[in-house]
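Now for the letters of each chain:
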Amino acid sequence: NAGVTQTPKFQVLKTGQSMTLQCAQDMNHEYMSWYRQDPGMGLRLIHYSVGAGITDQGEVPNGYNVSRSTTEDFPLRLLSAAPSQTSVYFCASSTGLAGADTQYFGPGTRLTVL
Amino acid sequence: ELKVEQNPLFLSMQEGKNYTIYCNYSTTSDRLYWYRQDPGKSLESLFVLLSNGAVKQEGRLMASLDTKARLSTLHITAAVHDLSATYFCAGDKIIFGKGTRLHILP
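Quick note, the sequences are listed as chains U and P, same order. Counting in our numbering, the first sequence runs from 135 upward without gaps. Counting in our numbering, the second sequence runs from 22 upward without gaps.
Hints may contain errors.
Said to hold, decoys possible - Pairs of lysine-lysine, BS3-like flavour, derived with a Cα cap of 30 Å: (1) K77/P to K38/P; (2) K148/U to K77/P; (3) K62/P to K148/U; (4) K143/U to K62/P; (5) K119/P to K143/U; (6) K119/P to K38/P.
Treat the hints as calculated values from the structure; they're not laboratory data.
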């Protein structure tokens, strides 16, 4: 199993550009989520999904869109990039919120918006 | 809305010493998670605590949960340099604390 994969690893955007961060998992996990990590802020939940076709907002959803058309993929779209979106983005998955569920994190995407 | 607070945020300690990291949360949370992150790396799950009084141990790390006090602790016994990392706790919907950066001096 590859686990949770994210692409790209690094990305530089100009203000106003749009892009999609890719996340995929091969563990048949229902629950997937996106976080951003900024220095001194810990990880903040952007969006999450409890299964294909179901998404919901987290703590900091503004400026981001998600969709979940398959169990495996959970892309994160930046609609119009802003310097405040410079961050490291992590995708995670788990079997669900119930039970002793371990979250598996991807390697992260380091995004810089100029 | 769940808020998770960790303290201390920074901790420098000597090898061989014991210490505890505290994680307080603001509202009822069905579970509590602990993660480790090495610099420039992703997060690794350490413990999932599901019920009041739950205690889990792995090597020199032991985590416990008191749901009545809304408190979880991560205790480090006889610290070694390899435990230097940032440790995060998280509650329901995986809402994270800001992390505790632990630096263990040889």
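Checked hints:
For the proposed pair K77/P and K38/P, the alpha carbon gap of about 20 Å is at most 30 Å, so the pair holds. In summary, the hint linking K148/U to K77/P is not supported, as the alpha carbons are separated by about 46 Å, beyond the 30 Å threshold. About 25 Å separates the Cα atoms of K62/P and K148/U, which keeps this hinted pair within 30 Å; it holds. Pair hint K143/U plus K62/P holds up; C-alpha atoms about 12 Å apart against a cutoff of 30 Å.
As the CA atoms of K119/P and K143/U are separated by approximately 23 Å, the hinted pair is consistent with the 30 Å bound. In summary, the hint linking K119/P to K38/P is supported, as the alpha carbons are separated by about 24 Å, within the 30 Å threshold.
When held up to the earlier numbered hints, the structure conflicts with hint 2 and nothing else.
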